[in-house]
Each structure stands twice: as C-alpha cells, then as structure tokens.
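Engineer: Respectively, the protein sequence lines represent chains A and H.
Per my numbering, residue 1 is the first one in the first sequence, and the count goes up by one each step.
Per my numbering, residue 1 is the first one in the second sequence, and the count goes up by one each step.
What the hints contain is simulated information worked out from the structure, not anything from laboratory work.
All residues carry an ideal CB built from backbone N, CA and C; glycine is no exception.
Hints are not guaranteed to be accurate.
Derived DMTMM-like pairs: lysine to aspartate or glutamate, alpha-carbon spacing no greater than 25 Å straight-line [unchecked claim]:
#1 Lys-412(A) to Asp-36(H)
#2 Lys-435(A) to Asp-36(H)
#3 Lys-450(H) to Asp-25(A)
#4 Lys-69(H) to Glu-35(H)
#5 Lys-112(A) to Asp-245(A)
#6 Lys-412(H) to Asp-245(A)
#7 Lys-89(A) to Asp-31(A)
Here are a few chain H residues that face chain A, going by a calculated C-beta distance under 10 Å [claimed, not checked]:
#8 Lys-218
#9 Ala-360
#10 Leu-363
#11 Phe-423
#12 Glu-424
#13 Ser-432
Protein chains: 2
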Amino acid sequence: MPRKIIVIGAGAGGLTAASTARENDPDAIIDVFTEDEHIAYSPCAVIYAIEGVIKDFDSIIMHTPQFYKEKRNISVHTRTRVASVDVDKKTVTLASGTAMPYDSLVLATGGKMFVPPIEGARLPGAFTIKDVNGGKAIKAALQTTNCVVVVGAGVIGLMMAVAVRNLGKKVTVVERYPNVIPRIIDEDMAAIVQKHCEELGIRFVMGTPITAIKGKEKVESVVAGGVEYPCGTVIMATGIRANLDLPNQMGLEIGQLGAVRASGTLQPYRNDHLVKDIYVAGDMMMCESAATPGPIMSQLGSTAVRQGRVAGINAAGGYATYPAALSPWVTYLGEIQAAGTGLSKGLAEYFGLSTVEGKATGLTRARYYPGGKSITAKIIADKETHRILGGQLVGGEEVTGRINWLTASILKGATVEDFATSFENAYCPPTSMVKDVVNQAADALMEQLKLACQKK
Amino acid sequence: MPRKIIVIGAGAGGLTAASTARENDPDAIIDVFTEDEHIAYSPCAVIYAIEGVIKDFDSIIMHTPQFYKEKRNISVHTRTRVASVDVDKKTVTLASGTAMPYDSLVLATGGKMFVPPIEGARLPGAFTIKDVNGGKAIKAALQTTNCVVVVGAGVIGLMMAVAVRNLGKKVTVVERYPNVIPRIIDEDMAAIVQKHCEELGIRFVMGTPITAIKGKEKVESVVAGGVEYPCGTVIMATGIRANLDLPNQMGLEIGQLGAVRASGTLQPYRNDHLVKDIYVAGDMMMCESAATPGPIMSQLGSTAVRQGRVAGINAAGGYATYPAALSPWVTYLGEIQAAGTGLSKGLAEYFGLSTVEGKATGLTRARYYPGGKSITAKIIADKETHRILGGQLVGGEEVTGRINWLTASILKGATVEDFATSFENAYCPPTSMVKDVVNQAADALMEQLKLACQKK
C-alpha cells in the first residue's frame with residue numbers, strides 16, 4: 001500500500017514538505033489542500049507586484065497546481081478548506097464533508113493577519129496585506145487614492161510604505177512603538193532606517209497606537225493619539241498571528257508565544273505527548289532560539305522552507321530534525337538594505353542576558369573607489385561569555401552575505417574575539433574596505449569589553 | 001627612556017604596525033623607512049588609477065608622511081633604503097651609512113615582482129605592476145599603444161587586462177597554466193571567469209609560457225608557444241616573491257615557500273631560535289593554513305593589515321598572535337566578482353587531502369525579481385570528516401559577504417552538514433533567493449557524499 005500523505009497549506013512550508021516527501025517516497029499519494037486560489041508565491045512579493053516593480057501578479061507565482069501534478073505527481077486542491085482533523089482516527093475532513101485518511105499529515109496553514117479590534121477596521125478602503133487577491137484589491141484601490149496610511153512600521157509595513165510612496169502617493173506610517181521594526185532591531189539602527197524612509201518622503205507618527213478608522217461608506221481618516229489623519233486607503237501591517245483554527249480543533253498544545261509547540265522532529269504535542277505522524281511547518285509554529293534557550297517566532301519564508309523540508313522527510317518515513325534558529329532576515333527599503341540575525345539588544349534583555357554591543361559605520365567600497373555606500377554594522381554579545389548573540393546591518397548594498405556570515409558565526413558559537421582576531425575578510429577596492437565594517441564593529445565591541453574590564 | 005621602534009617598509013603591513021605601536025605606546029620613538037616615494041596606498045588601486053576609474057594617482061594615497069608626523073608622531077622616511085640590520089647589536093644601517101639603534105624592529109618590506117628570465121624582459125615598453133610611479137609609466141605608455149600583452153592570468157593579470165581593455169586596447173593574456181587564477185581557483189570556476197573576460201574582448205593564450213619579448217629599441221612582440229604576438233606594450237603580472245634582501249643579510253630562516261618563517265607572535269627564526277625584538281608582517285612571510293596543517297602564502301593587503309597589527313602590538317611591548325589563515329580574497333572583473341577562501345581542490349590535493357565538492361548556480365535575487373545576476377558557489381570538503389576546506393564564488397554582485405561567511409565557517413570547523421541543515425540564510429526577493437546559492441552548493445555536496453556512501 002502506498003503511503004498517504006496529506007499536507008494542509010500551500011505556502012512555502014506546505015509545498016516544500018510535499019515536494020520533499022515526493023523526493024523521499026516515489027510511491028506516496030500526496031494531497032495538498034489550501035483555501036487560497038493561488039499557490040507557490042512569496043507573500044512579500046505581493047508588495048512588489050502592487051508597486052509594479054514586478055510587472056504582474058502572475059509572475060510572482062512560481063508554479064501552478066498543474067505543475068505539481070505533472071512534474072511531481074502531487075495533487076494540489078485550491079479553494080478547499082479542511083474543516084477538521086481526527087488525530088486518533090487519522091482522517092482529515094474537508095468543509096465539503098469528504099473524509100480522507102492519512103498515514104502522515106503536515107500542518108502548514110501559516111499565519112493570519114492581525115487586525116486591531118478598532119472602530120472602522122472593516123470599512124471599505126481598509127486592507128491587510130495577505131494574498132494575491134488581497135494585493136490586487138490594494139492595487140485597484142490605489143488607482144483612486146492619493147493619501148495612504150500604513151498601520152505598523154515593521155518590515156512589511158515599511159516595505160508597503162515605500163512601495164506606495166514610489167507610486168507617488170502621500171504616505172503616513174502610524175506605529176504604536178517608538179521605533180521602526182520594533183524589538184527586531186534596536187533604536188539606534190531603527191533610527192537610520194526611519195531617517196532614510198523620511199528622506200523618501202514618508203511621514204511617521206511614532207509611539208502612537210491607532211484608535212479608529214473613520215468614514216461613512218469608506219475610509220476617510222485614521223485616528224491615532226487623538227489626531228485625525230485624513231486618507232483614502234488604510235493598509236494594516238499590524239503583524240501576523242499563527243493560524244490556530246485547526247490546532248485548536250485538534251487539541252494541540254499552544255506555546256507561550258501563541259503558536260504551536262513542536263519537537264525537533266517538528267511533531268506537535270497533545271496532552272503532553274508527541275503526536276505521532278503529524279508534522280508542522282512555517283508561521284503557525286514556534287522555534288527554539290539558537291542564541292539563548294527559549295522560544296522565538298520566525299515568520300520567514302526561508303524558515304518555512306527549511307521546516308517544510310524536515311516535515312516532508314519525516315512525513316515520508318525518514319528522519320530529520322529542525323535545529324534551533326536565529327532567523328536572519330533582510331529587507332530592501334528605497335536605497336537601503338536592513339538586516340538582522342539572532343537577538344536584538346532589547347530581545348536579549350527580555351531573555352535576561354547582559355549584553356555589550358559594538359557598532360561601526362564604513363563604506364561598501366574602499367574610500368577612494370567611486371560609488372561606495374554607507375554601511376553600519378552592530379554586534380551584540382553576551383557580557384560574560386563574549387559569545388555573539390545577534391547582529392544588525394543597515395547599508396546601501398551587500399548586506400545579505402554579511403548577515404549570513406554573522407548567522408553562521410553565532411551558530412558555531414563564535415565570540416567577539418573570533419571576529420576581532422581570527423575572522424578574516426576578503427578585500428578589493430570595488431567591493432570592500434580593507435577591514436570590513438563587521439570586523440570593525442567587533443573591534444569596537446572589544447574596546448567596550450576592555451573599558452568594562454578596567455571599571456572592575 | 002622611550003622605546004625606539006623602527007619599521008622597515010611603508011605598505012599596509014609596515015604602516016599598520018607603526019600606527020598600532022603608537023596606540024599601544026604613546027611615548028615610543030617610531031621611525032618608518034621605505035625606498036618608495038609614496039606611502040599608504042593600495043597596490044591594487046594602482047590598476048584602477050591606470051584605467052582612470054579612480055581619477056588620479058594622488059587619490060589612492062590615503063596619507064602622507066606629514067599626516068603620520070602630525071597625527072601620530074611617526075617619522076616616515078621615504079626614498080630611504082635600509083642597507084643592513086645587525087641583529088645582535090640591534091642596529092639598522094641606512095644606505096647613507098647612518099646607523100640607528102632599535103628596541104623593536106618590524107620588517108615589512110613586502111614582495112618583489114617576479115620577472116621571468118627571458119630575452120627582452122627589460123626592453124622599453126615592458127612593465128611590471130608595482131608602485132605608483134610604475135603605474136604612471138604604464139599609463140603614459142598606453143597613450144601611444146593600441147595592442148597590449150599581459151603576461152600572467154592571476155588576479156592581478158586579469159585586473160590589468162580588464163583595465164586595459166576598458167581603455168579600448170586590444171589585449172592578449174598569455175598564461176603558462178591551463179586555467180586563469182591557477183591553483184587559487186579550480187578549473188570549472190576559472191572557466192566562468194575566463195569566458196566572461198573573453199566576452200569583454202580579451203584574448204587568452206593558455207597553457208603557454210612566454211619565451212621571449214622581441215623588439216629592437218622597444219617592445220614589438222611577445223613569443224609564446226612558438227607563436228609571435230605583436231604588441232606595443234607588455235605588462236608582466238607573473239607573481240610576487242617575498243623580498244628577501246634584508247632577511248638573507250640578517251640570516252633569518254626562509255621557509256619552503258621562499259618566504260620568512262615566523263612564529264605566531266610573528267617573530268622570525270635564526271639558527272633555529274626565535275629572534276628577539278624583531279617582528280615581520282606582510283608579503284615577505286609565510287602563514288600557517290587554517291584549513292589544514294601547512295604553510296601558505298597570503299600576499300593580500302587585508303592580511304598585511306592584520307599581521308601589521310600583531311607586529312605593532314608586540315613591537316610596543318604587548319602580546320598578540322597571528323592565527324592560522326584562510327586568506328579570503330575577492331576581485332571585480334568587468335561585470336563579475338570572483339572570490340575564494342581556504343583551499344582549492346587542487347591545493348587540497350597538494351596537501352594530500354581527499355576532497356568532495358558541491359556546486360550550485362543561482363541568482364542574486366528571487367527568480368521573478370528584475371535585475372538578478374547569475375552566481376555560482378562551490379564548496380570543497382574533506383571526504384572523511386566532511387569539514388569544509390575551501391569555497392569559491394563567481395557572480396554578478398554580493399560575493400564578498402558570502403566569501404566571508406564561508407571563511408568564518410571554516411575557521412569555526414564547520415562541516416557540510418552545518419551548511420545543509422543549520423546555517424540559515426536571510427531572504428528577500430531583491431537581494432537573495434529563498435535558499436542561498438551557498439546553501440544549495442552544500443546540498444549538492446551532501447548528495448555527493450550520499451552517492452559516495454552508497455558506493456561503499
């Protein structure tokens with residue numbers, strides 16, 4: 001009898017799980033269910049399609065259900081909701097009532113956009129950034145609006161604000177925390193990002209939660225801090241919460257961050273026991289932090305792909321584990337790239353760690369070589385062990401490789417001393433300084449440690 | 001009595017040593033001697049000044065002797081040759097006959113361009129790429145030549161060929177080895193680089209040593225493999241050898257790679273003993289490889305800076321050591337960047353290691369995001385331990401951070417498994433693929449290891 005594998009969710013996690021299961025079991029019957037009409041697209045690419053950097057919404061869709069059927073013998077069922085899962089009987093029941101048995105089940109239903117419970121949140125003209133159809137709706141609305149409020153200054157909110165600004169609209173970003181990309185990057189780095197966005201013409205209302213969206217038949221203004229900001233369109237980028245519809249129905253354990261708790265094999269828990277033959281992947285689950293013991297939410301496509309791979313191997317009867325994660329991320333806003341990995345100073349303090357930090361600003365090329373762009377690197381280390389806990393970068397180019405460099409270093413237990421003394425950097429005038437800004441940040445951190453030592 | 005520190009050589013190694021010594025000893029009397037007229041410039045920047053990317057030769061010079069005197073109280077003596085060093089009496093004697101005592105001495109006299117011992121090598125119109133004045137002479141010669149032969153297809157030779165080609169000249173590169181950047185990168189990666197240079201219009205004569213430079217009063221042609229290549233200018237980029245004039249005079253031990261052997265503290269040896277109060281830095285010394293036990297030549301400005309720092313600390317009475325090195329490097333040729341770290345497959349085999357390699361080609365952005373450039377990554381690992389020994393990259397952008405990523409990973413003992421399972425990469429459509437090409441290369445390597453395992 002061939003193995004029956006059911007995957008719920010057709011995002012990065014679910015489709016990677018399905019494809020990986022196929023690689024590991026050529027005979028399995030693999031079905032994927034999704035409520036969405038479109039599959040295999042990158043949600044952040046929706047923003048680029050709204051802006052028009054990517055010409056149309058079709059081109060962000062990597063593959064169709066036909067592709068999966070023909071090339072991988074995987075049946076993808078779009079616009080199909082799974083109503084419930086019976087963990088004991090090992091069956092999935094669709095909204096239509098059809099029940100299907102499984103040998104292995106992968107849950108990858110992702111996240112839901114959080115919409116603040118305020119007056120007017122459902123008015124026409126108020127949007128969340130979610131799927132392809134949602135993106136098309138925003139694009140259509142922007143045809144007739146000149147004034148947009150983006151709620152939330154996280155990475156997605158800022159990306160959206162830049163995209164709308166690039167379309168020539170007036171944009172105001174309203175954020176309840178005092179700095180952009182809150183918690184994820186520290187205030188000093190956030191200030192560089194915000195300043196750049198302001199230079200692009202984006203207005204910020206910081207430290208001010210939105211309290212209402214006003215309008216008769218459609219959005220007319222947003223209220224925050226008692227001030228009314230007129231606008232024709234509101235785009236809410238107020239975060240993603242794990243989609244817990246099925247996990248709650250199934251009685252799976254939800255961890256302290258409001259997402260499914262999973263083992264290294266990505267199996268969920270129920271009544272304090274691992275659930276057999278079920279695996280989770282993507283935005284619906286918590287990860288273990290690799291910087292310090294404790295749970296983190298990753299909520300990245302790149303993470304979902306890695307988890308999907310583990311879930312797929314295990315669903316196909318193999319064995320793989322998902323390790324603790326640092327969740328490195330990068331984004332491009334106007335002319336600058338911002339990136340981070342591991343813990344910010346704020347998050348490290350939340351975890352009870354004492355930190356020291358070092359920061360340096362340099363150029364992406366030798367000083368005398370034309371075209372160099374400013375780049376700032378920050379490294380956060382544990383004050384006692386000098387182990388690096390996290391890093392942040394903001395610069396005009398060449399940020400991604402550097403954040404991966406910091407990520408691998410942290411995962412291998414690197415200390416500030418490693419960076420300051422043994423970690424060499426490649427140099428040529430058109431691509432780097434003779435001492436890279438990351439190494440310079442480590443040197444600055446060494447100075448901080450020396451000072452701290454002298455004070456003792 | 002203030003400490004008397006003498007530094008011989010005013011390149012990256014010597015000047016970093018002098019500046020670091022000053023930081024560590026505010027009272028020392030520091031003198032730097034160099035035969036060169038100019039100081040504190042990057043030799044590879046000379047090529048950009050010849051091409052005109054950098055407007056003039058002055059702008060590649062970071063600092064003048066006046067700067068060092070005024071800002072750091074360091075006396076830099078240009079056009080001043082040191083004739084000998086008396087190690088026992090601890091004195092330096094200048095060519096003028098003046099003898100100067102020292103408490104600490106830093107030797108950083110760098111390398112000499114190797115000129116093959118062939119007919120015509122000293123004819124007018126035949127150049128080596130060396131210093132600022134040499135660069136000016138090449139620039140002047142190119143005013144009246146349309147046809148140039150570059151001898152040597154190493155990084156410097158290729159950079160020179162691209163620069164001359166960008167000036168609209170006919171360029172032929174003659175190389176004795178069958179592939180460009182021989183030994184440093186492997187044939188498959190070299191092929192990508194060579195193809196790109198050919199697309200720029202550069203002609204290659206490979207696997208063919210030059211046997212003569214012909215001409216009556218000045219260069220008229222180059223002979224290689226029995227074929228005569230007419231040209232008005234020949235630029236020899238046939239490698240750098242350690243400058244051993246002073247080490248030989250001082251009786252210092254020369255290692256098997258023809259360079260000064262040094263301890264971790266960067267002290268040279270004489271009669272099997274460490275020499276007290278003398279330190280070396282830069283192109284004149286051998287390093288220990290961090291990929292496998294054995295000596296390597298680094299010959300990089302970035303290495304010289306790191307060694308200069310160690311030499312400077314020790315010369316000022318402190319204690320620092322220079323660790324084993326991987327010597328990551330990067331270069332920009334036309335539209336592509338090439339980089340490497342650690343051992344190539346060829347070098348690993350020279351060291352007696354069995355290797356497995358993985359390679360992947362991807363894009364620098366998401367497939368659907370405009371402007372992505374091709375990038376190829378290769379990882380070489382030890383067949384037994386799976387430890388990564390080296391990496392190479394060729395791509396249109398964002399290569400430097402990735403090679404630093406590989407470098408730190410190797411230095412921390414990373415295995416292929418680390419890359420394939422735990423090393424996350426940051427992702428956003430305008431700067432990366434959801435799985436980075438470096439991780440994809442590791443996946444390819446894992447497949448090779450699986451196949452090798454199945455064969456057993």
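Engineer: Can the hint on Leu-363(H) be confirmed by a CB-to-CB distance to chain A that is less than 10 Å?
Structural biologist: With a closest approach of 12 Å, the Leu-363(H) hint is violated.
Engineer: Checking one constraint from the list: CA of Lys-412(A) to CA of Asp-36(H), max 25 Å. Satisfied?
Structural biologist: violated (44 Å)
Engineer: Sort out whether Asp-25(A) lies within 25 Å of Lys-450(H), counting only the CA atoms.
Structural biologist: Between Lys-450(H) and Asp-25(A) the Cα gap is close to 17 Å, so the pair holds against 25 Å.
Engineer: Identify whether the interface hint at Lys-218(H) stands, where standing means a beta carbon of chain A within less than 10 Å of its own.
Structural biologist: Constraint on Lys-218(H) not satisfied, violated at 31 Å.
Engineer: Taking the closest Cβ pair, is Phe-423(H) under 10 Å from chain A?
Structural biologist: holds (5 Å)
Engineer: Verify the proposed pairing of Lys-435(A) with Asp-36(H), using a straight-line Cα cut of 25 Å.
Structural biologist: Distance ~24 Å between Lys-435(A) and Asp-36(H) Cα, so the pair holds.
Engineer: Take the C-alpha atoms of Lys-69(H) and Glu-35(H), compute the straight-line distance between them, and say whether it is at most 25 Å.
Structural biologist: holds (18 Å)
Engineer: Given Glu-424(H) was flagged as interface, is its beta-carbon under 10 Å from a beta-carbon of chain A?
Structural biologist: holds (5 Å)
Engineer: Is Lys-412(H) within 25 Å of Asp-245(A), Cα to Cα?
Structural biologist: violated (43 Å)
Engineer: Measure nothing beyond the straight line between the CA atoms of Lys-112(A) and Asp-245(A); if it is 25 Å or shorter, mark the hint as holding.
Structural biologist: holds (10 Å)
Engineer: Please verify that hint: Ser-432(H), Cβ, nearest Cβ of chain A, below 10 Å or not.
Structural biologist: holds (5 Å)
Engineer: Are Lys-89(A) and Asp-31(A) close enough, with their CA atoms no more than 25 Å apart?
Structural biologist: holds (18 Å)
Consistency with the previously given hints fails for numbers 1, 6, 8, 9, 10, ordered from lowest to highest.
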